[in-house]
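Colleague: If you read the sequences in order, they're chains A and B. First residue of the first sequence: 1, per our numbering; consecutive thereafter. First residue of the second sequence: 1, per our numbering; consecutive thereafter.
Think of the hints as simulated: they come from the structure by calculation, not from any bench. Treat each hint with caution, since some may be false.
If we take Cβ atoms under 8 angstroms as the criterion, some of the chain B residues that face chain A in the derived model are [said to hold, decoys possible]:
| hint | residue |
| --- | --- |
| 1 | T28 |
| 2 | S32 |
| 3 | E42 |
| 4 | G43 |
| 5 | L44 |
| 6 | L46 |
| 7 | K49 |
| 8 | T51 |
| 9 | F89 |
| 10 | S93 |
| 11 | K101 |
| 12 | L102 |
| 13 | F104 |
| 14 | G105 |
| 15 | G107 |
None of these values were measured; they are calculated from a predicted model. Think of the CB as a built atom: it goes at the ideal place given N, C-alpha and C, for glycine as much as any other residue.
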Amino acid sequence: SAVISQKPSRDICQRGTSLTIQCQVDSQVTMMFWYRQQPGQSLTLIATANQGSEATYESGFVIDKFPISRPNLTFSTLTVSNMSPEDSSIYLCSTRDRGSFETQYFGPGTRLLVL
Amino acid sequence: GDSVTQMEGPVTLSEEAFLTINCTYTATGYPSLFWYVQYPGEGLQLLLKATKADDKGSNKGFEATYRKETTSFHLEKGSVQVSDSAVYFCALSDGGTSYGKLTFGQGTILTVHP
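Work the whole structure out from these sequences, hints included.
Modeller: Given below as structure tokens:
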């Protein structure tokens, strides 16, 4: 399984500012995923990021609010732009297992609080 | 679209009790099914999975069987420990899509008392 790290692990931000979350994988992977977990809620997929192409966003999420970069096969960033208190969530990145198409492994998450 | 429904929580048990967390799903194709666990303050860890009907996934004493006829994937453990206290998520991956999107249930909080 892939080992995934995220930075920062947590942050407290002011409304109207932006935060960029980094996700690093210990091996080369084709697809990376970004999820949001709002307080007490389940996980919702924000977007899928392939290296060398534009990210694919799920319904309800837009690039202007959540721009994603995927500069190489081991790294991705998610930016939460113009934040409001409603953006307070845990943001997790994940990637697929190389041997099993369906299985995803997750990073530890970034806990974001917007004041 | 695809959906996953878990039993309402939270669930509180005494140590060594039997655990069942119900999970049912709706999917158009032939999904793979998963249980993920989130320990306090941590990210998600894959607990077990099953990729086709009648498969049984197992790990750390937990088991779940893929039941196509009842569209269910209930999680069971014969004797829970305090260290099993966590949030458990049932999820499915739609094999019919090109990227295997994961759809999660709402999560079930399990608390085990000594």
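Colleague: Going back to the hint list, which numbers does this structure go against?
Modeller: 1
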